[in-house]
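Participant: Here are the chains, one letter per residue:
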Amino acid sequence: MASQFLINLLIAFLWMFLYDDPSFPRFIVGFLLGMVFIGLLNRFLKRDFYLRKVVAVLNLLGIFIRELFLSSFTVIFQILKPKLTIRPGIVALQTELKSDGELTLLSCLICLTPGTLTLDVSDDNRTLYIHAMDIGDAEQLKLQIRNSFEKAIMEVTR
Amino acid sequence: MNSAYGILAALFVLFGALLSLFSALGLIRLPDVYLRSHAATKSATLGVLFILSGAFLYYWLVEDLVSFKLVLGIVFVFLTGPVAGHLNARAAYRTGVHLWEQSTQDDLKEALQQERAEAKKNAEKSHKLQ
Amino acid sequence: MAEALLQTSLVLLVLSITGCMYRLLKGPSVSDRIAALDTIGILMLSIIAILGMLMRTTAYLDIILVIGVVSFIGTTAFARYIERGLVMEDE
Amino acid sequence: MELLLALTIGILFAVGVYMILARSLLRVILGLSLLTHSVHLLLLTMSGLKAGAPPLLGEKADSYVDPLPQALILTSIVISFGVTSLYFVLAYKSYQKLGTDDTEQMRREADE
Amino acid sequence: MNNLVVLPLLLPLCTAVLLLFFKERIQLQRIISAAGQSATAIACVLLLVQTGSSGIQLLAMGGWAAPYGIVFTADFFAALLVTAATITAGFCLAFSFGTVGSEREKFYFYPFFQFLMAGVNGSFLTGDLFNLFVCFEVLLISSYALLVLGGTKGQLRATLSYMLINILSSTLFVAAVAYLYGVTGTLNMAHLSVRIAEAGQGGILNVIAVLFLIVFSLKAGLFLFFWLPSAYQAPPPAVSALFAALLTKVGIYALVRTFTLLFPGDPGVTHVWIAWMAGATMILGAVGALASKDVMRILNFNIVISVGFVAFGLAVANEASLQGVVFYLLHDMAAKALLFLLGGMMIREAGADQLSAMGGLISRAPWLGWMFLVAALAAAGIPPLSGFGGKLLLLQGGLQAQSYVLTAISLFSSLIVLYTLVRLFIKAFWGEQPAGPATAVVAEADRVSNAAAKTDARTDADAQTKPDVAANAVAFATAAKASHGSATQPRNTSRGHLVVAGVLCLIVVLMGVGSEWMAQAAAEAARTLVDPSVYIEAVLKE
Amino acid sequence: MSLLHFFLLLPFLLAAMLPLLNKLTKELHPGWLAMAAPAFMLFYFLSRIPEVSKGRSLTASVPWIPSLGINLDSNLDGLGLLFALLISGIGALVVLYSISYLHPRKEAVTRFYVCLLLFMGAMLGVVLSDHLIVLYGFWELTSITSFLLIAFWHKREVSLAGALKSLLITSFGGLAMLAGFLLLGLAGGSLRVSELIDSSAVLAASPLLLPAMLLIALGVLTKSAQFPFHIWLPDAMEAPTPVSAYLHSATMVKAGLYLAARLMPIFAGQAPWYILLTTSGLITLLYGAFRAIKQTDLKALLAYSTISQLGLVLTLLGLGSVYPTGSTHEYAVYSTAAAAAALFHLVNHAAFKGALFMTAGIVDHETGTRDLRQLGGLLRFMPLTFTVALAASLSMAGVPPFGGFMSKELFFGSALDAMRSGSWGTAAFLIPVIAWTASAFTFVYSAIFVWRTFGGSRRGEQADASHAAVQEAPHKQPNDARHATMRAPVQETPQDARYETLQETPHEAPLSMLLSPMLLAAAALIFGLFPGSIGPNVLQPALDSLQPGAAEAFTELSLWHGWTPELLMTLGVFIVGGALFLIAPRVPLLNRPLRVLFSWNGVFKGGLRNADRASERLTSLYLTGSMRHYASYVFLFLIVAVAVTTFMTGGFRISFSGMAPVTVYEGIAVAALIAAALAVPFAQSRMMAIILTGTIGYLVVLFFVLFRAPDLALTQMIVETVSVTLFLLCFYHLPALKREKIALRTKLINGLIAAASGIVMTVVALGAFSGRAFPSISDYYLKNSYELAGGKNVVNVILVDFRGFDTMLEIVVLGIASYAIYGVIGLKWPEEKVVERNGLREREFRLIYEDARSNDVILQTLSKVILFLILTFSFYILFAGHHEPGGGFIGALMTSSALVLLSIAFGAKTVRSALPLNFRIVTACGIAVALLTGIGSFAFNMPFLSHAFGYVYLPIFGKNELATAVLFDLGVYLTVVGITMTIILAIGRDK
Ligand code: NA
Ligand code: NA
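Line by line, the protein sequences are chains A, B, C, D, E and F. Going by full-length UniProt numbering, the residue at position 110 of the first sequence is 110; the numbering climbs one at a time, nothing skipped. Going by full-length UniProt numbering, the residue at position 4 of the second sequence is 4; the numbering climbs one at a time, nothing skipped. Going by full-length UniProt numbering, the residue at position 89 of the third sequence is 89; the numbering climbs one at a time, nothing skipped. Going by full-length UniProt numbering, the residue at position 40 of the fourth sequence is 40; the numbering climbs one at a time, nothing skipped. Going by full-length UniProt numbering, the residue at position 33 of the fifth sequence is 33; the numbering climbs one at a time, nothing skipped. Going by full-length UniProt numbering, the residue at position 673 of the sixth sequence is 673; the numbering climbs one at a time, nothing skipped.
Next up, chain A with everything else stripped away, as it sits in the complex (with noise of 0.2 Å):
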């Protein structure tokens, strides 16, 4: 329930931005026919959403930032280096994250943050494959990975 009044609550905005035109009645549109989208296609939303902690959004977000501009600036050290120095490979990593939409948003995360990649997910939706640029410490990588995503996602979603 919730999470479709979030969609239609997104949608309502989004109408509103699509207009550049912040006002009440492009609001409303929005949200009339982010109603009828719903109500027509709510057989996709099977999984309830409960609004949690802002604190929680943001502080992953935060994370995510940080993660990104630095290893995105060891790719780029690593692609600007004469000689390459990394070590590939690919990592089975145990996830809890149970839901639908946690695991995307682990992957997804884990897939922004240049120098790891999802490669695929288990058909239990408990392991991920992940394909790092530079494993260095296989263990090392999935522990960080857990300790601030997983952690950070969880914090939102639970």
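Please note: incorrect hints may appear among the correct ones.
[Claimed, not checked] Sample of chain E residues lacking proximity to chain F, with all beta carbon distances greater than 10 Å (derived):
1. Q27
2. I87
3. V210
4. E432
5. P434
6. S494
7. V499
8. S515
[To be verified] The following label-pair restraints were derived from C-beta to C-beta distances:
9. A/F77 / F/G826: 54 to 64 Å
10. F/A611 / E/L510: 29 to 39 Å
11. C/T18 / E/E24: 24 to 34 Å
12. A/V55 / F/G826: 48 to 58 Å
13. F/K106 / E/L510: 35 to 45 Å
[What the hints assert, rightly or not] Derived DSBU-like pairs (lysine-lysine); straight-line CA-CA distance at most 30 Å:
14. F/K909 / A/K98
15. A/K83 / C/K26
16. D/K60 / F/K792
No lab work stands behind these hints, which were simulated from the structure alone. Glycine included, each C-beta is placed from N, C-alpha and C at the ideal position.
Chain A is already provided as a structure; the job is to place chains B, C, D, E and F with the ligands on it using the hints.
Facilitator: Below, chains B, C, D, E and F with the ligands alone, put in the same frame as chain A:
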């Protein structure tokens, strides 16, 4: 246009463009498709982030126009870019594109072999049933 | 000054596209090409944003979004195709 | 610029023609789409490439580019999209039925 | 402003859209199609009457006057062609009931038919060069659909090559429009005419004129007709007849319009091309007709010959010859439709399309035979049938203009028309039926036909559920034969279809006997062709 | 309508009604019905003799195509009357004869009489028409009815061959004649004979006269079976004998002579005309007579005899045309005599040849054969027939006191005078020599005809016994058997000629059958004994038509003129002819079929066969069925046409001034585009080729941006992507792209064509740019888009309003494409075979795809979110389009792409169940909305597609713009959504 704001926006853009160039370089230089994927994802993220932010700043500060479309653009790219990268890399892996020979570890190889063997067995079983 | 910077950026982006073209033509795997194509799409998006600034028009802002959508769907379709041999399942 | 674009148009057209003269239907179809691009660029070039704002009246510009060719190109894009789609589906169907997408092979079969 | 002008396009369009909602209900589709076709015909006749009585009728779409908007311009020539096309197509439609097969009928045959009509009529009426391109596309894509519907191998092959050629010509069309727009900055044909005349038709404009010549020649089958014989061979007879009657005519119409309105200025260049192409077309068409050994192919080459014949009139471009062009076009629509319908019935009767496998049909189908002979004589321009008046005017025009070689060629070609069609008549209707054509049947087609033979007797009267199977099988058999070029089970033509052909045959005769009306109409129609200023003033005065 | 026209129409009317009348009168032989026409006609024309003989001609006119000056102008003058009498008189006799000849049960007599009546009317039309075009029409009609009658027994190959040959040759001549007529009309300013005669002076000065004469002569020579066009006539003998008697001796073949006579006042004095006529007449005369001697088939003999006699008359007409009308030359009077002789012989020939054909028919009918080698001794069985045959043959041989004698005397006289006149130069002596020789031959074949048929003993009797067995079958179906005998080709007479045919004891024919030939033979005698019976009343008026103001030529005709040179020649003919007849059986030259290396028949047949073969070869040379070739024809023609035209018009100007400057990034984009384009042909795989083409598409988008076309960029971007998706959808099914095995030469040619086409495009583009002479009409749109149409996006306003009609049709095109795609994929004929796909590859994919497929959780989860984003965006694009870039088309494609994403992530089935819409109906609704928006303006009496816009105030929303154009755009949107989804789902579903 050539106000300080304009130049600021332009610098943002230039930085984004540089990032894009680097990732293109990566795309050329890196040895296997997975590594190149990393580089490719770069321009989808940081590069676009900077360029669109620059544009946002430009329209906002120079042309006095707050364009949420640009913000939406950033959000959209951030949402889709990683998934696209993921799908492409997975497709590569599953169609048998090899890792760079200097790769150190491949946890997926075994898992995938197992999965396929099982699937084959199931398929043959169901064929026999028919 | 700002204009010059933007134009420099354009040149850089076009160079990047050329780089991607190299990968596109060279391959060797199809996925390489798709990655290159996807990148070209994103670079196009950036180029169009800059061109819009240079032309002092907001006319192209929609294209930015459209390219985002479309290049994503294109990449998805390509990836799905090479992985499964078809784009959409139907049964 | 017009000179440069005229050259581009010619090259696109030439490559398109070369592809159309190939045996594989796919190449033919791709050739057709190159021809279409070439002709669209031609329409654009023919209206003159002088500077001007996009033909959006909200832009408050002194001069606008010629909007008519743009409208014509749009119509043409849409139509050739429909036609090319049909052609592609036909090509695919004939591969299913005739077992080849080689036009020469089709011809030989027809003779039998 | 006269909204009547758009009806010949709008009514088929509306009919088609309405038909789209009743995919499975064949009987209803037939009724709607027939009603729609009749309504269109009535609208055309009304338009013709109005055009005749009060001159050129205009409709500026959306109220945007020329040269800025698209203006439908019905001069008497266009109105005449629209009327003739609609009525002729009506016969093809009536013939298609029960001959195209229920599968086709369920897969939008009738909507495609109506869409084609919309495209054809639109092409005749539009006064805007780019809109002409769009109308062409409407009719072309419908023709692709009609051609390929059924999807047999032969059809696929034919459609692929037909489509390729037409896409090429459409591409060149856009290019030519682009060039012309580049020079003149306008698209309305009347306005173009004014501007071209003002700029002086030399140099680049002549080159552009030749581009248009190529484009329309491809559509008309003038010299560039190589695509035609195989394309028109593939579909069922009703469709072949429709194509034969209308499609090349649209191309010819465009040629006539272009070279009388837009580019009349330098006949030393453009019309010389047309003359050469016309001569070559007549010769090659005659040669092809001589070389052909099966019914449809002979008829197809006869189309080619008549295209060359009309183009000869355009090349000469004096008053008599332009009148002849109009007259001959009207005749050719009816006569070609008739020939193709009868040809289809012949193939059906004989169960074969190769001359060597035919013979002695006259005892089984006397009416068919004599009608075919009449149609053949009409096509050859034997007086007092419909083909004569136009032929006479064209010859007169040719001699007046002292183009003796072309006149000789066109006389020779009409001898070949007579020879090939009469030979076809002899081989098919006279002599003995060759032993066992039905034994050499394609296995698959035969089996289906046999299964259907029992129900076939009832097929034509009331095509309900069961007869559909038969009709379907017939269509399949025809299609299979078309793709294999060999024989199928012979079957009798239904009386209904015979009546359809009979009425058309009567029209062909009456068009000849009543040549006076035709000649007057042709003279009236040729007025705008001879003197385009009439057309220009009417369009641009508003 | 005058009485004249009524009688002209009568045969046609009767022909039209005959089938019906015949049904009403079941027992009556339809011949009796058909008889009415000639009988009434004869009566009428006889009754006109007094009037016409006074020099008054009957004229009447009925308008046919008055605006072209073509009317049924009829003119019954002396010449017309002479022919009308022949047509109706002999017509009546032939119909009478045929009533006994054709059995109403065994033959398709109705068809026979219909054709015969049509012919009769046509022939009458020929001789009564004053208008050349109408004359031509009837002329062709005689050819066609003749064709139908020759092929009366259409089951026999020989009949068909003969019919086609006659049609081909006579209509060839007819067409030439038509051209001649038209030239004559052009030169003389009229197409009416009577008016042309008046303007002969103008004609004589016209350069068109000579070609006109030659062309008309072609008509004359072909129709009247003159050498070398005679070949059709012997084969025409495949027709039933009444037809031969009527058409191929008395009437139709004389149409050519008629024309030569009719035009004599116009062409007289024109050397090419009379030389041509005389020469070909003489050649034909001699050739026909010589060939006649060698025939063994009765009808063949008569056919060659007819050819010869036609040559005779034509010679006379040629001699009669030597001096222009009113000439005072001393020999002009002899020219008149020749013309008179022509007319007289025409009549005589009609009488005796008609009788001879009929006797031949009787012999055939009663004995079952016409083969002279089997006939003989019929005298004792058929005395009456013999008498008739004898009388007619004597007339033919020119023996007094028959009419033939007199006309032959006149002929000799004319020939001698021609020699004396000096207008024939050194060859002059040939005229009487040939005339005499031919007459000797004529005597021989006349004797052969009578003697071999009736004299001696019955040769067939010996053969009879030995071939008894063979006769069995024919006895059962005598009629068929008779046809079988006629299968023998008329002139070759092969050795295996059927001896089995003398099946019954011959006996005299019934009187009804004999009546007609008897009357004709009697006429032949009467014309000789009492030339005055027709001379002053019939022949003299006809002569007046030929040579207006001619002297009385028939008053002093008598059998005895004293010992004139003509009489001596005649005596010579009898002596030499008799001698030849006696030695003929022993001289191979006279009794063997002509065996020559070169025969005109062979030329004709071989010509047709070679034309067939050559045309097949030529046609298959360019109609290869190869798409590649066809496409290259198009481009080759483009290249040649543009190059030649440029050359012809003296080139065009190309100037580089006024071009926009090139920026760096534009330059780079151009370079990239060119590079990508050049790489395309080298693509090794399908994927590669598609990607490269897609790249080009995207680069084109960049150009659209650079040249300020946001709508274009949007559309191209999305269309390109959808196209690529579509390519991919079908991709899987196509085989790996093979390396094309193309010869280097072909590659080179292709490359040259391609390069040249590209150069053409570029050069013409530069030319067109430099030739720009006018400002574009676009300023109007820019000025009025907002004020008049209420939209700020000018391109969109053009699309939905100024040129909304284009857009309406454009979505119709798209719609049709989608339905066609649906049809192509959906329509399945029964028992359709589907080509097996590559098995191995199939299984491999099945394994991976069905059983071990990857986990889509990430894509699916993300799609749920993005879906709404895209959908919202698509609606924005749709509604904002009137002022901003966008519109219905792009909006719809965005919507569709959202649905495509959904299908990719969740499968097409999910989409179908989530959106249980029939997308084909959506398309239909969309088109309907667009149409209705346009039709709506009808209600306000506005032009189709008129849009209105205004502002509406709504409670919450405030001031809102409402343009019907937006509604139109909504229609576009619905259509395009329907189309894309139809296509995508149709393809997706097809396995
Ligand atoms: Na395209
Ligand atoms: Na035959």
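Participant: Is it true that the CA of A/K83 sits at most 30 Å from the CA of C/K26?
Facilitator: The given pair, whose Cα atoms are some 21 Å apart, holds under the 30 Å limit.
Participant: Range hint 29 to 39 Å: satisfied by the CB atoms of F/A611 and E/L510?
Facilitator: holds, 35 Å
Participant: Taking 30 Å as the top limit, are the C-alpha atoms of D/K60 and F/K792 close enough?
Facilitator: holds, 11 Å
Participant: Once the closest CB in chain F is found, is it more than 10 Å from E/I87?
Facilitator: Holds, since 22 Å exceeds 10 Å.
Participant: That 54 to 64 Å hint for A/F77 and F/G826 (C-beta), does it hold up?
Facilitator: Between A/F77 and F/G826, where Cβ atoms are some 57 Å apart, the hint holds.
Participant: For E/S494, is the shortest CB-to-CB distance to chain F above 10 Å, so the non-interface label stands?
Facilitator: holds, 22 Å
Participant: Using Cβ atoms and 10 Å as the threshold, tell me whether E/P434 really stays out of contact range of chain F.
Facilitator: holds, 12 Å
Participant: Are A/V55 and F/G826 spaced within 48 to 58 Å by their CB atoms?
Facilitator: Once the Cβ atoms are compared, 57 Å apart, the range 48 to 58 Å for F/G826 and A/V55 holds.
Participant: Verify that the Cβ of E/V210 lies farther than 10 Å from every Cβ atom of chain F, and report whether the claim holds or is violated.
Facilitator: About 4 Å separates E/V210 from the closest Cβ of chain F, which leaves it inside 10 Å; violated.
Participant: Please confirm whether E/Q27 is truly not at the interface, meaning its C-beta sits more than 10 Å away from all C-beta atoms of chain F.
Facilitator: holds, 19 Å
Participant: Indicate whether the distance between the beta carbons of C/T18 and E/E24 respects the range 24 to 34 Å.
Facilitator: For C/T18 and E/E24 the Cβ distance comes to about 55 Å; the hint is violated.
Participant: Check the hint pairing F/K909 with A/K98 against an upper bound of 30 Å on the C-alpha distance.
Facilitator: holds, 27 Å
When each numbered hint is compared with the structure, violations occur for hints 3, 4, 8 and 11.
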